[in-house]
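Chemist: What follows is the residue order along each chain.
Protein chains: 2
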Amino acid sequence: MSEFDIVNKSYPQIDGLNKATGKTEFVSDLVLPNMLYGRVLRSPYAHARIDHIDISKAKSLRGVKAVITYDDTPRIKFGPRSEDWTILADGKVRFYGDEVAAVAAVDEDIAEEALDLIKVEYTELPAVFDPVEAMKPDAPLVHENKENNLAAEFKIEAGDVDQDLKNSYFVYKDRFYTNQVYQAYLEPMGALASVDLSGRITLWTGTQIPNMMRITYAKALGISLDKLRVIVPDYGGGFGAKMENNVHLITIVLAQKAGQPVKLINTRFDDFVGGNPRVAMYIDIKLGVTKDGFITGKDVHIVGTNGARTVYAPVIVATACYRPDSLYRFKSVRAIGHTVYTNTVPTSCFRGFGNSQMTFVLESALDMIAEELNIDPAELRLKNGIGENEVSIHGWKITSNGLKDCVLLATKKANWNQKRKKRKFFRGIGLACCNHVSGNRAFAREFDGGAGIVRIGRDGNVTVYYGESDMGQGQKTVFAQIVAERLGVPLDIITVEQVDTDISPFGMGSFATRGTLMGGNGVLKAAEDAFKQLAAVAADMLQAPPDEVECKKGKFFLKSSPQKSVSFKEVAEMATFKRAGAPVVGVGFYKPPTELPDPKTKYGNISPAYPFGCHIAEVEVDPDTGQITVTDYVAANDIGRAINPMAVEGQIQGGVAQGLGWTLMENMALDDKGKLINPDFLDYVIPCVMDVPEIKPILVEPVDPEGPYGAKGIGEPALNPVMAAITNAIYNATGIRIKELPITAEKMLKKLKEMKNKIK
Amino acid sequence: MSEFDIVNKSYPQIDGLNKATGKTEFVSDLVLPNMLYGRVLRSPYAHARIDHIDISKAKSLRGVKAVITYDDTPRIKFGPRSEDWTILADGKVRFYGDEVAAVAAVDEDIAEEALDLIKVEYTELPAVFDPVEAMKPDAPLVHENKENNLAAEFKIEAGDVDQDLKNSYFVYKDRFYTNQVYQAYLEPMGALASVDLSGRITLWTGTQIPNMMRITYAKALGISLDKLRVIVPDYGGGFGAKMENNVHLITIVLAQKAGQPVKLINTRFDDFVGGNPRVAMYIDIKLGVTKDGFITGKDVHIVGTNGARTVYAPVIVATACYRPDSLYRFKSVRAIGHTVYTNTVPTSCFRGFGNSQMTFVLESALDMIAEELNIDPAELRLKNGIGENEVSIHGWKITSNGLKDCVLLATKKANWNQKRKKRKFFRGIGLACCNHVSGNRAFAREFDGGAGIVRIGRDGNVTVYYGESDMGQGQKTVFAQIVAERLGVPLDIITVEQVDTDISPFGMGSFATRGTLMGGNGVLKAAEDAFKQLAAVAADMLQAPPDEVECKKGKFFLKSSPQKSVSFKEVAEMATFKRAGAPVVGVGFYKPPTELPDPKTKYGNISPAYPFGCHIAEVEVDPDTGQITVTDYVAANDIGRAINPMAVEGQIQGGVAQGLGWTLMENMALDDKGKLINPDFLDYVIPCVMDVPEIKPILVEPVDPEGPYGAKGIGEPALNPVMAAITNAIYNATGIRIKELPITAEKMLKKLKEMKNKIK
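Heads up: the protein sequence lines correspond to chains U and D, in order.
With numbering that gives the first Met the number 0 applied, the first sequence covers 0 to 759.
With numbering that gives the first Met the number 0 applied, the second sequence covers 0 to 759.
None of these hints come from the bench; they were simulated from the model.
Among the hints, a few may not be true.
Identical chains share a label here; the pair holds if one copy fits it or two copies do between them.
[Unchecked claim] Keeping only pairs whose Cα atoms sit at most 20 Å apart, straight-line, the calculated EDC-like set for lysine to aspartate or glutamate is:
1. Lys420 with Glu371
2. Lys695 with Asp195
3. Lys218 with Glu569
4. Lys554 with Glu2
5. Lys590 with Glu572
6. Lys568 with Asp501
7. Lys738 with Asp501
8. Lys695 with Asp546
9. Lys218 with Glu572
10. Lys577 with Glu445
Extracted from the complex, chain U is given alone in its bound form (with noise of 0.2 Å):
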């Protein structure tokens, strides 16, 4: 018998019913009184001067309500990061799919025409795409006041590396590529907003950091925070995508101009020209091992695309060049990351962060130096793996740690050593691994942790309020079932409303895989305190002291004498009465064990805890195409213990198929101008169930001590691995390594021709 009642134990989504049956309210479905559909009217040019915008034509057109450009905009410079943003173009545009001007009509067909009477007079310049080529001194400049397009510059160095380097048995050395990928949502980002006459507005948005965009986006309107109100519906996919975006912000101004709601979704066209697609990075690595396979100095150089403004590609190079340093026990590591602007998309968020780009080079990289010294690659990993209750060369405090068991456990599941051994021809088994953080305390200065409310009113429901955001993954049943399993109530009573700045608590968002720990405590602590508040009625109505009681399954009860008892919703029935009709309100929240990192050594510890991961692919090259298929994938990840066991195989097998994707299917091209070729998913190709072979996942589940009943996140270690995870496969099965992703049959058969050549 489990410990738990309710808690690591597998159920549906709660709202997976809605889903599967088209009843659920996403943002593209709400509507309100008087409503207007906007349209965004893009750049066809990926850098040019804007001499004149003709709007006079649109504007007269019947059903248009409003017409936008920059001079309608507050003309405020901003951004979350870095304030490179407006929200239109201020009279230059700086990517294929900038925003120019946007309509709000009565209709999106209306809305649509009004785009094309829109005249614009562009003067066209030059452009740069490439990052590197975008340092170089004579580069156009993406933004006239950022010399060498350098948006960002990230350094961190601990020990001696040139000294550990030169003193090494082997140092491999490398450049690698990743490259730009889209996130690929199923519901393309957009938003509703609505102005009152105060000038409040309120935003319903798909939003990953209902909190954060607040924040930004107020600075943005020039207006003080209580006058925006963001309201987070049900959403299709975010993966990192969905947080701030001018898509939003020109809603607003456009409801702002019309003076009715306006409803503004990407079509699936503007998402791909003008989302938040992964940063792509060049990475050399220089890393050094003893002869005996302990590995001694890293030496990374990133440049990474920010695209034509800054998203969150510095910080997100920043986390390539360190994340994984807490993976192994590096003597000495150093690291420079470049954020580069370039006439693209502005890039950011992408499930793994940073970490997935590095960690993909790190573990190639491990691959080559174990076969150099003939070790196995599962070995090599045993021997230098961080260790529990270790600290790690960045200061991280590493508790539970469950590294060790998904390698053994994830080599036994995948017979590694037998399939190692036994090598077919084209057939390769590769391995890679893992760490990464439950929540990042370097993300905000002032603030770490999670908070939640629980109400309990007279008719005995639960409802949790939380500060996050459930993008699909499953949070609300996460914390449902942590609620349910600390009051002792069925899961079926509980109800988790949407995130409403107005109602909820603060939260920082979901990223950096916190959602877990950080709002499951939130709402565990939370659930502590309206159980306390239920308690003491329920004490009194057995006639017993408070500590006394328990509650399991919806009764509560005398631990010394179960049989005496009275159910929960009567309980709460009479906690109404007793307080004149004020529901019991559970508020609670958690502050980590974390520390804000030295600013120049960026010592410290970020994140109360530690999720770490194995993962093995097994993969057939098919010689004549190049074509490779992966067939069995061993997915082994420390989760602490899984709250929702299902839930977390779902996250696990959802990272892995989009860690196939990028590996080996999805690319956004340009062409010479700079222009997507592919936007769209007719030619820009994501996994589908017949290029994903079961997905085979193992919960490793250390208990954290940090976590709510023990749990550690798992959105980002489930795909961070699979990239190396594969083309170690494929190395494995070709000795041929391609080093920029993605690996396509055409680049394979390449490849393969090559090799053919040099044998004959």
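We have chain U already, so just place chain D on it with the hints.
Modeler: Quick look at chain D alone, frame taken from chain U:
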């Protein structure tokens, strides 16, 4: 200088600008995705058997999504006070307008057309419309199981009435009739209902009793309470009518049947014939006095119209039986009230709730007694009026009491003494007093009081949740002022949220003039709780103990050195960060010192505070047409303390206008088949601005010990004395006393002619 910053000051309603500019989203403005429109088929007969209903043609009309009859409903007998309701007619219709079937369609026109396609075969039955007739042994029975059509009998007795009347110097005896009037709120009743996949229902409706209604409706639908959520958007008036009504349940059943949201808003016709108008009453009174004008005994018999099913008529008749007994020092009282089924629309609450009917009678009787004794009517009231800190004959503990001041100030302002002496031809002046409650303990056995929640998030905005219902009377504004005063912040940072049974406290609702006192105390306590939490943080920031800290005008400061200060917003932000995102949530409640009346004697203190009033009307009667014009009006009301003087004046002006309409103009008139002949505002005429004189309110503020900042209620006492004040003025002008409302020009002219004939 006032002792207050916000309270006791006049502010426009906080939602006034929205309403004035049409921005408010009333229930009728709401839209949901896939929403259908509902319409109700109503009985064309007052009493008939339903032999057959054919819905086949209606169902097959394109665009019709659901057609329902009784068989589609849960077929449960229910009702707020007596289980004599079904959701649609169960084989028999009992009044003209009774609900027979309903339709949901993609637009209102199709729904309307579908109604025409429903074929119902009826067999007409004998009907009865008058309650006195209905009690007769041979009267047709509205419900077969209700002998003599008796819905309820109420009896109350204190002291020896027979003896006291026998010993009186003079006993005034008469029969009065108060007619049936319609509440004439500007937004008709209606609802929007949505059902989720688990069967949980969300009902948006303008209701005065969201929480109480929910209990009745859960029973009607055969579901548990937690399966029904009620949300109260802004709505266009109630005046007592907007409580339980079949239109809401029909909307729900349509939504269940169609599997889509349904909005059903009454047409004005529907609302007239299917609403819940005022209980018409026959009232027989015997009232004794001593020679020097002291009231002795009062003996009353009331027969009230219940209509075809029981809403709240029995409690209204009971209220008429005894509420004004706590206005004067009665030696003895006795009352019997019969509430009688008739084949007419079900009657229910309307501002005054029985007290208005009885106050009309009592104050008319006192006028006649004053004349008989040749004592000034004002003096008669002062002589008998109950005083401060007295206990009334039914055990009501009168604490604050401004009755005497009301009489003195009203008579002074109206120039009463002079005008009574110098009578002009066909001009007269009349006076009437009233008492009332601020909440009524007799309404629910298990519960009395009010509760609130005050939330302050990171941005420093203050959100207030309450459990009553603002039907336009200004509760939200009053609560905002109370909370702003207590917190020490400006009014414009306060938002008062709509009532939502999933979020708000459980509240009894808006009736019995309970909102300001009960709800106001609830939110005041919640503000206190929130203030304590914030003060602790502010004290920390100002490095002082919490009780050294005060807040005024949005600034926390030290009492000892006010220049040391920190803004309310800064404190809210710091509190949020300190608590890892948890907002400050203040929860508070107020349990009044009321007593559940003795079930037999009804003795017990039913309210924490009792408002009083004295109104003086002046009229002019046109001897040629009978037209009565109210030329001047002084209304002195004891409201404890006015939270918002302008809003109180508005309440008084509205109450007087409504009373004027009832007294002189309004009447729901039936033809001999029981069909309402004036179901629209062309034929049912309510006072317009030309009919109403300048009303001069006088606010008497004795500061109640229980009220929030001393406030008592005003809603109902604003209307209670109007009918008698005007009729007493008419008597003063003409010597004619018409005892049946309304006193139309036609009736008056007839009486004038009779008088003229007598003189001849």
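Chemist: Is it within, between, both, or neither for lysine 695 and aspartate 195, if the alpha carbons may be no more than 20 Å apart?
Modeler: neither (52 Å within a copy, 35 Å between copies)
Chemist: At most 20 Å between alpha carbons: which applies to lysine 738 and aspartate 501, within, between, both or neither?
Modeler: For lysine 738 and aspartate 501, neither the intra-copy (48 Å) nor the inter-copy (55 Å) Cα distance is at most 20 Å.
Chemist: Check lysine 554 against glutamate 2 for me: Cα-Cα at most 20 Å, and say if that holds within a copy, between copies, both or neither.
Modeler: within (17 Å within a copy, 50 Å between copies)
Chemist: Give the relationship of lysine 695 and aspartate 546 under a CA distance limit of 20 Å: within one copy only, between copies only, both, or neither.
Modeler: neither (44 Å within a copy, 61 Å between copies)
Chemist: Checking an output row: lysine 218 and glutamate 572, CA cutoff 20 Å. Within, between, both or neither?
Modeler: between (45 Å within a copy, 17 Å between copies)
Chemist: Classify it for me, lysine 590 with glutamate 572: is the Cα-Cα distance of at most 20 Å met within a copy, between copies, both or neither?
Modeler: between (32 Å within a copy, 16 Å between copies)
Chemist: Under a CA distance limit of 20 Å, which applies to lysine 568 and aspartate 501: within one copy, between copies, both, or neither?
Modeler: between (28 Å within a copy, 15 Å between copies)
Chemist: At most 20 Å between alpha carbons: which applies to lysine 218 and glutamate 569, within, between, both or neither?
Modeler: between (48 Å within a copy, 17 Å between copies)
Chemist: Classify it for me, lysine 420 with glutamate 371: is the Cα-Cα distance of at most 20 Å met within a copy, between copies, both or neither?
Modeler: within (17 Å within a copy, 120 Å between copies)
Chemist: Taking 20 Å as the upper bound on the Cα-Cα distance, should lysine 577 and glutamate 445 be classified as within, between, both, or neither?
Modeler: between (39 Å within a copy, 9 Å between copies)
Comparing the model with each numbered hint stated earlier shows that hints 2, 7 and 8 do not hold.
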